[in-house]
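Colleague: Residues per chain, in single letters:
2 protein chains.
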Amino acid sequence: MGSHVPQLDLMRLVQPFGVTIDLAEGTMRSPDKHQVRRASVMRGYYADQEALERLIAERGDPVHYETFEKHVPEEYGHLVFGLTQLQPGVVGEECFMTKGHYHTVAGTSEIYVGLRGQGYMLMKTPPDAQGRSQCVAEPLVRNRLVYVPPYWAHRSVNTGDEPLVALYVYPGEAGHNYGDIETEGFPKRIFKVQGREVIR
Amino acid sequence: MGSHVPQLDLMRLVQPFGVTIDLAEGTMRSPDKHQVRRASVMRGYYADQEALERLIAERGDPVHYETFEKHVPEEYGHLVFGLTQLQPGVVGEECFMTKGHYHTVAGTSEIYVGLRGQGYMLMKTPPDAQGRSQCVAEPLVRNRLVYVPPYWAHRSVNTGDEPLVALYVYPGEAGHNYGDIETEGFPKRIFKVQGREVIR
Chain A
5 MGSHVPQLDL MRLVQPFGVT IDLAEGTMRS PDKHQVRRAS VMRGYYADQE
55 ALERLIAERG DPVHYETFEK HVPEEYGHLV FGLTQLQPGV VGEECFMTKG
105 HYHTVAGTSE IYVGLRGQGY MLMKTPPDAQ GRSQCVAEPL VRNRLVYVPP
155 YWAHRSVNTG DEPLVALYVY PGEAGHNYGD IETEGFPKRI FKVQGREVIR
Chain B
5 MGSHVPQLDL MRLVQPFGVT IDLAEGTMRS PDKHQVRRAS VMRGYYADQE
55 ALERLIAERG DPVHYETFEK HVPEEYGHLV FGLTQLQPGV VGEECFMTKG
105 HYHTVAGTSE IYVGLRGQGY MLMKTPPDAQ GRSQCVAEPL VRNRLVYVPP
155 YWAHRSVNTG DEPLVALYVY PGEAGHNYGD IETEGFPKRI FKVQGREVIR
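In order, the protein sequences belong to chains A and B. Per the working numbering, the first sequence starts with residue 5, numbered consecutively. Per the working numbering, the second sequence starts with residue 5, numbered consecutively.
Hints should not be assumed to be uniformly reliable.
As the list claims (entries may be wrong) - Only part of the chain A face toward chain B is listed, based on derived beta-carbon distances under 10 angstroms:
no.: 1; residue: LYS74
no.: 2; residue: LEU83
no.: 3; residue: PHE85
As the list claims (entries may be wrong) - Below 35 angstroms or equal to it, Euclidean Cα-Cα: the simulated DSBU-like pairs (lysine-lysine) are:
no.: 4; chain 1: A; residue 1: LYS196; chain 2: A; residue 2: LYS37
no.: 5; chain 1: A; residue 1: LYS192; chain 2: B; residue 2: LYS74
no.: 6; chain 1: B; residue 1: LYS192; chain 2: A; residue 2: LYS74
no.: 7; chain 1: A; residue 1: LYS196; chain 2: B; residue 2: LYS74
no.: 8; chain 1: B; residue 1: LYS192; chain 2: B; residue 2: LYS74
no.: 9; chain 1: A; residue 1: LYS103; chain 2: A; residue 2: LYS74
no.: 10; chain 1: B; residue 1: LYS37; chain 2: B; residue 2: LYS192
no.: 11; chain 1: A; residue 1: LYS74; chain 2: B; residue 2: LYS196
no.: 12; chain 1: A; residue 1: LYS74; chain 2: B; residue 2: LYS74
no.: 13; chain 1: B; residue 1: LYS196; chain 2: B; residue 2: LYS37
no.: 14; chain 1: A; residue 1: LYS37; chain 2: A; residue 2: LYS103
no.: 15; chain 1: B; residue 1: LYS103; chain 2: A; residue 2: LYS74
no.: 16; chain 1: B; residue 1: LYS103; chain 2: B; residue 2: LYS196
no.: 17; chain 1: A; residue 1: LYS192; chain 2: A; residue 2: LYS37
no.: 18; chain 1: B; residue 1: LYS192; chain 2: A; residue 2: LYS37
no.: 19; chain 1: A; residue 1: LYS103; chain 2: B; residue 2: LYS74
no.: 20; chain 1: A; residue 1: LYS74; chain 2: A; residue 2: LYS192
no.: 21; chain 1: A; residue 1: LYS37; chain 2: B; residue 2: LYS74
no.: 22; chain 1: B; residue 1: LYS192; chain 2: B; residue 2: LYS103
no.: 23; chain 1: B; residue 1: LYS103; chain 2: B; residue 2: LYS37
no.: 24; chain 1: A; residue 1: LYS37; chain 2: A; residue 2: LYS74
no.: 25; chain 1: B; residue 1: LYS37; chain 2: A; residue 2: LYS74
no.: 26; chain 1: A; residue 1: LYS103; chain 2: A; residue 2: LYS192
no.: 27; chain 1: B; residue 1: LYS74; chain 2: B; residue 2: LYS37
no.: 28; chain 1: A; residue 1: LYS196; chain 2: A; residue 2: LYS103
no.: 29; chain 1: B; residue 1: LYS74; chain 2: B; residue 2: LYS103
no.: 30; chain 1: A; residue 1: LYS192; chain 2: B; residue 2: LYS37
To be clear, the hints were calculated from the coordinates, so they are not data collected in a lab. Even glycine gets a Cβ: it sits at the ideal position worked out from N, Cα and C.
Construct all of the structure, not just a fragment, from the sequences and the given hints.
Modeller: Shown next, in the form of structure tokens:
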């Protein structure tokens, strides 16, 4: 029959599936995997560390951001996808953000599609020999797709008043490298100063 | 600085970008690449070939389906994305569909997110030693994400009365293998018989 994959073990095939994602509400029906990151995991990330400690103490370590996924094998050939939901708020004057990460397989990209809310995808290159990185903030809002190219670390930042929700897709083998960002940080931070966004 | 990609040539980095995709209308602003497939490219695909010839003659070879993309390198590490828009209609009683394809790198997957319209993603495995394929039809409608796993050929079918529009994402190295489907076809077709969907 001229099959182009004659050696394929058909018993090992993954079955197709569908999942309901409400594009207006930014919700996934019946996720297999729900990951919750509370404010306390962000120790060391914000400029004003005391403000973060007050937030953790006063609000009982509230949910900071979450991801919702269906099960997909984390290996080459597959595409992992899910929804990320980042709460609104500030730590001091710095807008709520995710930890941010490179991919473990650094040369892999990621796509984000904004479904709800208002914010940015903050991206940076690995430092060069002088320790300098390029840094770019792309608006991440409803109806905006952001392309994170291979090698760029990325972090979402919520500058709005409601949760920032996006659909993400990345290659199954990509993996997450949080450690280098924990050490390096990003060259820019995003603040809300007297109601106005400031990137510096 | 502990960079995990010390050998990376920073001059060769692709820059991040964003693109506006209206999730309600199913449109992309300022695509770099617009591919149009007219009815005549579907010769040999529908069961009723005379009905297709009449459609081509009577309607002047109308647009059958289109894709809209932003430029992304078609190589490993990147993710190609775009919108596909398939017109509504029937050829005889068979619903309008795309040619369908395997990926050239067969073990790569694809994600479709339905934005508008009503239809199916029809998927099949490569034929086994007896020439038999598994075949699955997953509903492709607004608010439904369909996961096309590695190795599955896939074709979209419009069973509704308006264009079927979906956002797709696939690995940059995947490529398109149309030839095997041109030869093999799919084990199932989708018809509209007296207003009712029939898959057989």
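Colleague: With reference to the structure, classify each hint as holding or not holding.
Modeller: A quick look at each hint next to the structure:
Given the 10 angstroms rule on beta carbons, the hint for A:LYS74 holds: about 7 angstroms separates it from the nearest Cβ of chain B. For A:LEU83, the interface hint holds, the least distance from its beta-carbon to any beta-carbon of chain B being 5 angstroms, beneath 10 angstroms. The beta carbon of A:PHE85 comes within 6 angstroms of a beta carbon in chain B, closer than 10 angstroms, and the hint placing it at the interface holds. Annotation: proposed proximity of A:LYS196 to A:LYS37 holds, straight-line Cα distance about 32 angstroms (limit 35 angstroms).
At most 35 angstroms may separate the alpha-carbon atoms for a hinted pair to count; A:LYS192 and B:LYS74 meet this at roughly 27 angstroms. Between the alpha carbons of B:LYS192 and A:LYS74 the distance comes to roughly 27 angstroms, so the proposed pair stays at or under 35 angstroms and holds. As the CA atoms of A:LYS196 and B:LYS74 are separated by approximately 32 angstroms, the hinted pair is consistent with the 35 angstroms bound. Distance hint between B:LYS192 and B:LYS74 is fulfilled; the C-alpha atoms sit about 33 angstroms from each other, no more than 35 angstroms.
Under the criterion of a C-alpha separation no larger than 35 angstroms, the hint pairing A:LYS103 with A:LYS74 is consistent with the structure, at around 22 angstroms. Proposed proximity of B:LYS37 and B:LYS192 is supported: the alpha carbons are some 31 angstroms apart, at most 35 angstroms. Straight-line distance between C-alpha atoms of A:LYS74 and B:LYS196 comes to about 32 angstroms, which keeps the hinted pair within the 35 angstroms bound. Of the pairs offered as hints, the one joining A:LYS74 and B:LYS74 holds, with about 27 angstroms between alpha carbons and a cut-off of 35 angstroms not exceeded.
The straight-line distance between the Cα atoms of B:LYS196 and B:LYS37 is roughly 32 angstroms, inside the 35 angstroms bound, and the hint therefore holds. A C-alpha spacing of about 19 angstroms is found between A:LYS37 and A:LYS103, which places the hinted pair at or below 35 angstroms, so the restraint holds. A C-alpha spacing of about 29 angstroms is found between B:LYS103 and A:LYS74, which places the hinted pair at or below 35 angstroms, so the restraint holds. With a C-alpha separation of about 18 angstroms, the suggested pair B:LYS103 and B:LYS196 falls inside the 35 angstroms cut-off, and the hint holds.
For the hint pairing A:LYS192 with A:LYS37, the CA-to-CA distance comes to about 31 angstroms; that is within 35 angstroms, so the pair holds. A threshold of 35 angstroms between alpha carbons decides the hint, and for B:LYS192 with A:LYS37 the separation of about 33 angstroms falls inside it, so the pair holds. For the hint pairing A:LYS103 with B:LYS74, the CA-to-CA distance comes to about 29 angstroms; that is within 35 angstroms, so the pair holds. Taking the CA atoms of A:LYS74 and A:LYS192, the gap is near 33 angstroms; set against the 35 angstroms cutoff, the hint holds.
At roughly 31 angstroms between alpha-carbon atoms, A:LYS37 and B:LYS74 fall within 35 angstroms of each other, so this suggested pair holds. For the suggested pair B:LYS192 and B:LYS103, the alpha carbons sit about 14 angstroms apart, so the restraint of at most 35 angstroms is met. Note on B:LYS103 and B:LYS37: the hinted pairing holds, with a Cα-Cα distance of about 19 angstroms set against a maximum of 35 angstroms. Among the hinted pairs, A:LYS37 with A:LYS74 is consistent with the structure: their alpha-carbon atoms are about 6 angstroms apart, no more than 35 angstroms.
Only pairs whose Cα atoms come within 35 angstroms are accepted, and B:LYS37 paired with A:LYS74 is accepted, the gap being roughly 31 angstroms. Simply put, A:LYS103 and A:LYS192 have alpha-carbon atoms about 14 angstroms apart, close enough for the 35 angstroms limit, and the pair holds. At most 35 angstroms may separate the alpha-carbon atoms for a hinted pair to count; B:LYS74 and B:LYS37 meet this at roughly 6 angstroms. Straight-line distance between C-alpha atoms of A:LYS196 and A:LYS103 comes to about 18 angstroms, which keeps the hinted pair within the 35 angstroms bound.
Under the criterion of a C-alpha separation no larger than 35 angstroms, the hint pairing B:LYS74 with B:LYS103 is consistent with the structure, at around 22 angstroms. Only pairs whose Cα atoms come within 35 angstroms are accepted, and A:LYS192 paired with B:LYS37 is accepted, the gap being roughly 33 angstroms.
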